[in-house]
Amino acid sequence: MTIINCMLPFGLVKDFDDYSKIVNDILKHDITFNILKFSTGSNGINLLIDIPEDKTKTITESLKQNNIVVNKKGRVIIDDEKCIDCGACISLCPTDALHLDKEERLKFYYEKCIGCLLCLSACPRFAIEEM
Amino acid sequence: MTKTYNEINEKIKNGDVVVVTAEQMINIVEDQGIKVAAEEIDVVTTGTFGPMCSSGAFLNFGHADPPIKFEHLWLNDVQAYHGNAAVDCYIGCTRLSDVKRFKYGGGHVIEDLVAGKPIRLRGNSYTTDCYPLAEIDTEFTLDEINQAILLNPRNAYQRYVCAVNSSDRTLYTHLGKLLPHFGNAHYAGAGCLSPLSNDPDYETIGIGTRIFLGGGIGYIIGEGTQHSPTNQFGTLFVKGDLKQMSPEYLRGVSYEQYGTSLFVGLGIPIPILNEGLAKKTAISDAELFTDIVDYGIPRRDRPKPRRINYEELKGEYIELNGKKVKCSSLSSFYHARKIAETLKEWIQDGKFYLNPPAETLPTDTVFKPMKQTTKIKFVKDLKRNAIICHDDCDLKTIAEKIIDQNLNHIIITDLENTLKGIVTSFDVTKAIARDKTDLNDIITKKVITTTDNEPIDVATRKMKLNNISALPVIDELNKVTGLITSEELI
Ligand code: SF4
Ligand code: SF4
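Going line by line, the protein sequences match chains Z and V.
Numbered per this note's numbering, the first sequence spans residues 1 to 131.
Numbered per this note's numbering, the second sequence spans residues 132 to 621.
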């Protein structure tokens, strides 16, 4: 099984039920799959799902056609040497994986990262790397 | 109560000066009142660390043998400005590398230089009798050149705006990556630690003021360009010796699809000469306001949905149109605080003395817009009539219209003229080749559009970014009012 994250960006969410688009789209492929996590963030609705490995490609492609953003479950790492604690990545993160601590330094909660990669191109120091 | 610079410097010398940061001053004034604070506190330190695009350095390399007078030169493939004496140059932080483009620029060259890394220098010349060398390719480090002077014509903005994006695509701006439909917000500036917010009347900050700059000592040499103190957008012109500075406080940065810049660390000590200054330096984030600006509108005068204070900006979410929008900064408050603390230690340790300005800075200038002698053109000036088919028509009708009108784009609307999609001559050709007969098989429903009042350059950029050659023009109700194609733009 492969874990992927599907995101329906808020711009496309016109209706509360729109998240069902993601599920309906996958059901078309006639497979069983596990929903691992459902969350809403500042950017849209996220669904973390576990699907059969051999179907990953077809499912990903059909989801993408409906403007759903799909990421393979990967996570990012932050290079502390390069990070200057500016915070430019934080507002992009749909979960609270990126955070400023009490001292105003960047903290990264690995467990909260869903691998959406939205933060990647927001970092002006190339301190965020895809794993 | 009043104090003089001499009295404060005497205390620094004796080691009994009382210094606090502008952040600490807030509580001191709140607990003890302005009068006591003004008596007890001698100096308040400030700090800011953020991208300051108006930064760069003058370098002098010394003469080669035989000598060269540069016409063009590059430092690590980033072109430096040369328009003065033979071996002087100015490397600006936003200049992109010819090779790495957005990934490396003048700001990175300055960081690498200060970090002691070798910098490759390539240059050429048209040659003269006194400067016969035509080309050079060499390497140098900071220690090996004569002067390296950081000279930034506009630093330390008193405040900056908070950017959001109402459009339907992600924007890459000088305020970072902005998600569509108000998906996030970015701001910059240190709020209560911002140097100019702590002396907004320029009582102590002026020409000659000694400051913390890039980890070393620098000086204010005038008001910055675009200095606009009347609306709290004051700026400073600063200089300092790069050889004393540290790469911790000069960091090259690259904003995706926007360009490079330099994070500059800057801190100013404010002598508490009177009660007024004690009060001003106690300003809090809640009292410092800026505007939220919608970058979704690519014009000089962008909509400003509302005012907001730094206290709300520093919380994780801001409120906009009844929605919670995730907000973060582009400048580092951690480093701003560290700068204010470092400056405080320098003064306490007797390593840094305060000086009165040689001259004060103007407090009444305004930032004028550019004078444009050619009128800018709008979509409404150049649009043509759109050729329209209704969404129930067949492909043959569309094909006929394409031929009759000699146009590549047919706009599909409903009976009320509401935009439904677009069909190109290529779509029709494709349909014939693939035996498709239904309009639904070939229509593009997600259409990129423009409006009457969009500047032509903005429409052109939309076409370029999306790799298309026409945009339907629509009104607020999504009704089609015309078409603009790349032909009109030539
Ligand atoms: S990839 Fe980045 S933005 Fe996405 S969840 Fe992980 S940390 Fe947050
Ligand atoms: S954007 Fe990059 S440099 Fe800034 S806080 Fe995030 S990881 Fe650090």
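These are calculated hints, taken from the structure and not from any lab test.
Check before you lean on any hint, since a few could be wrong.
Quick partial rundown of chain Z residues pointing at chain V, CB under 8 Å, derived from the structure [said to hold, decoys possible]: (1) Ile84; (2) Cys86; (3) Ala88; (4) Ile90; (5) Leu92; (6) Thr95; (7) Glu103; (8) Glu104; (9) Arg105; (10) Ser121; (11) Ala122; (12) Pro124; (13) Arg125; (14) Ala127.
Here a beta-carbon is modelled for each residue, glycine too, at the ideal position from N, C-alpha and C.
Results of checking the hints against the structure:
1. Ile84: 5 Å, holds
2. Cys86: Holds. Min distance 5 Å.
3. Ala88: This interface hint holds because 5 Å falls under the 8 Å limit.
4. Ile90: 4 Å, holds
5. Leu92: 6 Å, holds
6. Thr95: Cβ of threonine 95 of chain Z sits 11 Å from chain V, so the hint is violated.
7. Glu103: Since the shortest Cβ distance to chain V is 6 Å, the answer is holds.
8. Glu104: 4 Å, holds
9. Arg105: Holds, about 5 Å.
10. Ser121: Check passed: Cβ of serine 121 of chain Z comes within 4 Å of chain V, closer than 8 Å.
11. Ala122: Since the shortest Cβ distance to chain V is 4 Å, the answer is holds.
12. Pro124: 4 Å, holds
13. Arg125: 6 Å, holds
14. Ala127: 10 Å, violated
Going through the hint list in order, the structure does not satisfy hints 6 and 14.
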